[in-house]
Amino acid sequence: MMEVGRLCTKTAGRDAGKKCVIVEVLDEKFVMIDGETRRRKCNVKHLEPSTETIKLGKGASHQDVVKEFKKLGIEISETKPRQAKPKQRRTRSADRKKMALKEPKKEKAAPKKEQTPKAEKKETKLEKTLKEE
Amino acid sequence: MVQPSRRSRTLRRVHRRTPGSRTVLHFKKRKPAKAICSQCGKVLAGVPRERPYKMQRLPKTKKRPERPYGGRLCSACARRAIIASARKAQKTE
Numbered sequence: 016m017m018e019v020g021r022l023c024t025k026t027a028g029r030d031a032g033k034k035c036v037i038v039e040v041l042d043e044k045f046v047m048i049d050g051e052t053r054r055r056k057c058n059v060k061h062l063e064p065s066t067e068t069i070k071l072g073k074g075a076s077h078q079d080v081v082k083e084f085k086k087l088g089i090e091i092s093e094t095k096p097r098q099a100k101p102k103q104r105r106t107r108s109a110d111r112k113k114m115a116l117k118e119p120k121k122e123k124a125a126p127k128k129e130q131t132p133k134a135e136k137k138e139t140k141l142e143k144t145l146k147e148e
Numbered sequence: 207m208v209q210p211s212r213r214s215r216t217l218r219r220v221h222r223r224t225p226g227s228r229t230v231l232h233f234k235k236r237k238p239a240k241a242i243c244s245q246c247g248k249v250l251a252g253v254p255r256e257r258p259y260k261m262q263r264l265p266k267t268k269k270r271p272e273r274p275y276g277g278r279l280c281s282a283c284a285r286r287a288i289i290a291s292a293r294k295a296q297k298t299e
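Those sequence lines, one after another, are chains B and V. Position one of the first sequence corresponds to residue 16 (this note's numbering), numbered consecutively onward. Position one of the second sequence corresponds to residue 207 (this note's numbering), numbered consecutively onward.
Hints were generated in silico from the structure; no laboratory data involved. A hint or two may mislead.
Result set (SDA-like, lysine to any residue): computed pairs, CA atoms no more than 25 Å apart in a straight line [said to hold, decoys possible]: (1) V:K268 with B:R53; (2) V:K240 with V:P254; (3) B:K82 with V:E299; (4) B:K56 with V:S291; (5) B:K102 with V:L264; (6) V:K240 with B:R29; (7) B:K85 with V:I289.
From chain V, some residues computed to sit far from chain B (all C-beta separations above 12 Å) [stated by the list, open to error]: (8) R212; (9) T216; (10) R228; (11) F233; (12) P238; (13) I242; (14) C243; (15) V253; (16) R255; (17) R263.
A quick note: this is a predicted structure, and the numbers were derived from the prediction, not measured. Ideal Cβ placement from N, Cα and C applies to all residues, glycine included.
From just these sequences and the hints, can you work out the full model?
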């Protein structure tokens with residue numbers, strides 16, 4: 016029952032209820048799974064096999080599995096670990112005052128008003144229809 | 207004597223050590239009942255037993271296990287339910 020390409024549902028852990036496929040049989044207890052779940056080693060006891068199988072070559076990559084799942088109508092959303100944002104250092108108000116003393120404030124130049132040519136008036140629908148008539 | 211209203215055991219007593227290393231008695235509201243499995247009545251693991259104001263402060267992932275039926279069914283009942291639904295889906299296909 017537990018051979019490469021067998022579709023299963025995971026029944027334990029945070030991936031419980033998600034569909035996966037056996038990619039590799041490690042020993043009689045453990046298999047390597049991939050699919051909606053993360054690609055990981057899994058105890059056979061934690062899988063509920065289905066009657067369906069997928070044709071998978073030996074050492075199928077995650078991309079191959081994604082392709083095969085798409086054929087079955089199961090979209091796998093790729094989740095990348097979030098990258099931590101660089102922390103912004105908080106400056107104390109005293110420090111900020113010092114900084115302000117060192118660097119005199121630049122005087123803001125008044126923004127010049129540029130005269131943009133007015134866009135030509137667009138013909139309204141009513142006017143169009145009147146012209147056509 | 208304690209305040210008459212505090213003589214009843216409605217509030218639980220908590221011993222707190224103060225910064226001056228004195229132990230004082232605090233009166234706090236009791237915690238709600240432990241979360242149980244809605245199918246077998248087993249006490250659920252991974253669900254904290256806190257008053258609502260503390261539960262509100264916790265992130266969602268710390269309030270219940272991250273699996274289907276997490277925080278409702280115990281792991282054994284959840285597994286049974288997931289297997290049953292998988293087999294049912296198979297029959298209908």
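Here's how the hints hold up against the structure:
1. For the hint pairing K268 (chain V) with R53 (chain B), the CA-to-CA distance comes to about 21 Å; that is within 25 Å, so the pair holds.
2. Restraint check for K240 (chain V) and P254 (chain V): satisfied, since their Cα atoms lie roughly 8 Å apart, inside the 25 Å limit.
3. With a C-alpha separation of about 22 Å, the suggested pairing of K82 (chain B) with E299 (chain V) holds against the 25 Å cut-off.
4. A threshold of 25 Å between alpha carbons decides the hint, and for K56 (chain B) with S291 (chain V) the separation of about 24 Å falls inside it, so the pair holds.
5. For the suggested pair K102 (chain B) and L264 (chain V), the alpha carbons sit about 23 Å apart, so the restraint of at most 25 Å is met.
6. Pair hint K240 (chain V) plus R29 (chain B) holds up; C-alpha atoms about 22 Å apart against a cutoff of 25 Å.
7. Between the alpha carbons of K85 (chain B) and I289 (chain V) the distance comes to roughly 23 Å, so the proposed pair stays at or under 25 Å and holds.
8. Here R212 (chain V) stays apart from chain B, with its beta-carbon at least about 43 Å from theirs, past the 12 Å limit.
9. Every CB of chain B is more than 12 Å from the CB of T216 (chain V) (nearest about 40 Å), matching its label as outside the interface.
10. Residue placement check: R228 (chain V) keeps its beta carbon more than 12 Å from all beta carbons of chain B (closest about 35 Å).
11. Consistency note on F233 (chain V): stated as away from chain B, and its beta-carbon is indeed over 12 Å from all of that chain's, at 38 Å minimum.
12. The Cβ of P238 (chain V) lies farther than 12 Å from every Cβ of chain B, with a closest approach of about 26 Å, so its non-interface assignment holds.
13. The claim that I242 (chain V) lies off the interface holds: its Cβ sits roughly 20 Å from the closest Cβ of chain B, which is beyond the 12 Å cut-off.
14. For C243 (chain V), the non-interface assignment is confirmed: its Cβ lies about 15 Å from the closest Cβ of chain B, beyond the 12 Å cut-off.
15. The non-interface label for V253 (chain V) is consistent with chain B: the shortest C-beta to C-beta separation is roughly 15 Å, beyond 12 Å.
16. Residue placement check: R255 (chain V) keeps its beta carbon more than 12 Å from all beta carbons of chain B (closest about 22 Å).
17. In this structure R263 (chain V) is separated from chain B by more than 12 Å, as the shortest Cβ-Cβ distance comes to about 22 Å.
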